[in-house]
Amino acid sequence: GYGRTGVIYVEDRAGNESQIATRVRLNIDGSVSTDQGVDFGARVRLQWDQGDDALESGSPAYVYVTSNGLTVSVGNVSTAYDDAGLLYATELGAFDRSVGGNSLGGFYAFESKSYGGENDRVGVAVSYSVDDLTVRASYIDPDQSGLNEVAYGTDEEFGISVDYTWNERLELSAAYVQSGLGFDGNDQFFVGARYAVLDNARIGLNYIDNGDFVDTAQNPNGPVAGQDLGNTVALYGDYTLADGLTNIEAYIANNDGDWASKETDNAFGIGVNYDLGGARLGASLQRNYDEKVTADLGVRFDF
Amino acid sequence: GYGRTGVIYVEDRAGNESQIATRVRLNIDGSVSTDQGVDFGARVRLQWDQGDDALESGSPAYVYVTSNGLTVSVGNVSTAYDDAGLLYATELGAFDRSVGGNSLGGFYAFESKSYGGENDRVGVAVSYSVDDLTVRASYIDPDQSGLNEVAYGTDEEFGISVDYTWNERLELSAAYVQSGLGFDGNDQFFVGARYAVLDNARIGLNYIDNGDFVDTAQNPNGPVAGQDLGNTVALYGDYTLADGLTNIEAYIANNDGDWASKETDNAFGIGVNYDLGGARLGASLQRNYDEKVTADLGVRFDF
Amino acid sequence: GYGRTGVIYVEDRAGNESQIATRVRLNIDGSVSTDQGVDFGARVRLQWDQGDDALESGSPAYVYVTSNGLTVSVGNVSTAYDDAGLLYATELGAFDRSVGGNSLGGFYAFESKSYGGENDRVGVAVSYSVDDLTVRASYIDPDQSGLNEVAYGTDEEFGISVDYTWNERLELSAAYVQSGLGFDGNDQFFVGARYAVLDNARIGLNYIDNGDFVDTAQNPNGPVAGQDLGNTVALYGDYTLADGLTNIEAYIANNDGDWASKETDNAFGIGVNYDLGGARLGASLQRNYDEKVTADLGVRFDF
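Chains as they are written, first to last, in the numbering used here: chain A, 119 to 421; chain B, 119 to 421; chain C, 119 to 421.
For the record, the hints were derived by calculation from the structure and aren't laboratory data.
One thing to keep in mind: the hints can contain errors.
Identical chains blur together in the list; that is why a pair holds if it fits in one copy or across any two.
[As the list claims (entries may be wrong)] Listed next, the in silico EDC-like pairs over lysine to aspartate or glutamate satisfying Cα-Cα at most 20 angstroms (straight line):
hint : residue 1 : residue 2
1    : K231      : D171
2    : K231      : E174
3    : K410      : E236
4    : K231      : D170
5    : K410      : E174
6    : K231      : D167
Please model the complete structure; the sequences and the hints are all you need to start from.
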């Protein structure tokens with residue numbers, strides 16, 4: 119798991135624009151290796167975020183079996199689309215935020231807290247890694263019982279993704295999801311590439327078809343249901359200074375969608391991370407499609 | 119703890135008859151040994167089952183002290199009746215299910231999730247093991263405060279059980295519980311024996327007086343309050359194939375009770391488990407007293 | 119964490135005067151050391167108390183960084199006033215209870231369960247230790263968002279405390295808190311000293327200005343809002359018998375406040391703890407300001 123804390127400023131946020139934001143995430147795993155060299159395991163997550171009254175619940179669990187690069191998971195699984203290697207590559211700073219470059223579309227992912235009433239949801243995921251190639255597929259049924267169709271859509275979501283690294287220089291990533299969040303027709307895709315132009319500099323380009331249905335939980339200040347999410351193109355890169363510890367990163371993203379609060383087609387951000395060797399200090403300054411500025415400064419450590 | 123997952127088919131279940139069922143159970147223990155060689159410890163359990171929105175709560179806790187084979191527990195304790203060695207010996211497959219051979223009666227056991235409003239419940243349990251003999255006694259007060267008599271009965275439940283193994287061949291088990299689940303007059307008893315007729319084959323016989331009050335949480339498709347639970351006799355056995363890994367198991371049970379959905383006095387099942395060395399694959403096919411068929415196929419691993 | 123269990127008697131308590139009381143506390147920490155020798159960490163707590171339906175939630179979390187004796191914490195932090203070294207020095211027995219010598223005033227502390235609606239609370243704490251000196255400061259904002267002022271007061275609480283040990287014989291402790299629990303004007307202070315008159319005997323004196331606002335959660339049978347909490351003076355001591363394992367402890371406290379149920383200005387108690395080497399048996403007998411007697415007998419172990 120990890121811990122992180124710091125201050126986030128959001129322009130025109132109701133109440134105080136600058137607030138402390140802390141998250142602690144604990145992954146609890148149990149696992150066993152069989153005599154045949156097959157690993158079986160289970161995971162739940164305990165996560166507290168600033169604004170939660172308590173560590174109100176652990177996550178739903180998933181169970182997995184791994185052998186020779188092939189992993190099959192059942193339960194509250196990670197999904198193929200969400201796991202695509204470069205989908206979140208524009209994120210900046212200690213909080214890993216990107217207000218312009220991330221997908222706006224709604225799709226399932228590992229649920230860190232609660233299904234929230236969608237308690238008959240079940241997922242199955244498969245991933246396979248060999249050398250520089252990873253292939254994933256996932257299937258989520260929002261209600262396997264047929265009796266509890268309370269939230270999101272009622273279709274089954276199916277997703278695939280592929281990551282490939284060529285010669286340790288070029289990363290390629292692609293993903294597709296059908297009926298994201300269980301909504302019929304909410305199909306999305308993503309392609310991305312990042313190339314190490316120097317040993318200490320990389321540049322990348324992402325293209326995201328955001329589909330039809332926004333995940334408002336992930337995008338509280340963006341579009342709402344029924345508005346045009348458009349497609350997003352993002353150019354991004356990062357550069358490590360000669361100290362080998364300071365990493366500068368930036369993106370510029372263009373979205374051709376149309377929603378009520380949208381003021382511009384261009385969002386951008388710049389960030390920096392300083393490696394403390396086990397922890398990192400980070401900061402970012404970004405402007406979103408509503409022409410609102412956000413900034414953050416914090417520290418993150420993994421354990 | 120353990121993890122398990124697979125598919126369970128239940129004939130005529132509302133909604134989909136076949137559903138994925140996953141459980142992850144994590145026992146969290148803290149313990150310390152004193153200089154005198156006495157062990158003190160505490161346990162809580164985190165358990166998620168398919169159909170739960172989240173890992174909604176950890177269990178109430180218990181505290182124990184152990185020395186020279188004697189263990190005393192206080193709090194959310196395991197009960198003597200529930201711990202009887204052969205009470206669940208007819209269970210089959212990776213999910214350890216027995217729709218005909220298990221007790222229908224209501225009695226207290228360690229609560230894996232929440233007391234559900236019965237929050238002034240308290241238990242004390244004692245167990246003593248020496249050589250091949252184990253003796254247990256437990257006492258549960260549903261409401262020690264005298265002010266919170268909300269659920270089940272309000273009497274105190276008292277239970278005892280004894281297990282004895284003779285010559286590593288013959289297992290004997292007996293148990294008695296008075297005022298099960300706190301209901302006055304809801305007395306139950308159990309006697310069972312299992313004999314290893316061969317090194318790789320065992321045969322057993324159980325007799326259960328189910329008392330007067332069904333635990334509907336444990337028996338969702340069976341009798342309801344006020345119906346005659348009868349007594350249950352179960353004949354069961356298991357056989358390990360020459361590979362030493364495949365174990366075939368079966369039971370046939372007779373119940374002379376009478377409830378609305380009951381169609382027959384006989385239930386039966388057959389199962390198989392294959393040992394993966396740290397995990398096991400299992401399957402079962404069973405028919406209950408309502409003449410409904412159920413089947414399951416899954417994997418379970420302990421960690 | 120720790121576990122403890124036993125029986126507590128409270129004179130004239132509604133329902134049964136004697137009840138079993140069990141607590142299990144589990145602290146879950148994650149931490150990492152950076153290459154520069156700085157430690158980053160995070161903590162959540164899982165705690166179950168007798169009377170809780172389940173381990174209903176984990177605590178809100180805090181994140182800390184430590185280096186060279188300086189610790190900075192953010193989130194659900196321990197507060198300077200609550201951490202003052204001798205503030206709880208009159209507590210007796212295995213349950214560490216003091217019905218006369220503890221503060222009656224309301225102030226923030228680490229929250230073991232839930233903020234209870236005050237979910238935009240945030241704290242920052244600093245402590246610094248060098249040789250025999252520890253200095254602490256803490257700041258709690260009950261609602262950093264400016265939008266969620268639901269519980270307690272809405273002011274920011276600020277506290278400081280200092281502990282100093284002289285020559286391993288004399289302990290000095292002082293603390294001050296402004297706007298305790300966020301109530302304007304609810305200022306409190308504490309000074310205490312304890313001296314080791316012999317190698318196996320100590321005697322101490324505490325003075326507490328309880329402020330204006332009682333923490334009724336901590337003092338269920340004492341004063342209520344709007345009543346005069348007065349100031350508390352407590353004389354206390356402890357003596358270890360020649361076996362080196364048995365510790366006798368006692369206090370007498372005087373409070374000049376005035377509240378409805380108060381019958382006397384003097385409360386007192388005597389207790390004993392027997393060291394089991396990793397666990398301890400303890401008992402106490404006390405009388406509070408309402409002239410009610412309470413007694414307890416239990417065991418506690420730390421792990």
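Subject >> Structure versus earlier hints, numbers of those that do not hold, lowest first >> reply: When the structure is compared with the hints, numbers 3, 5 turn out to be violated.
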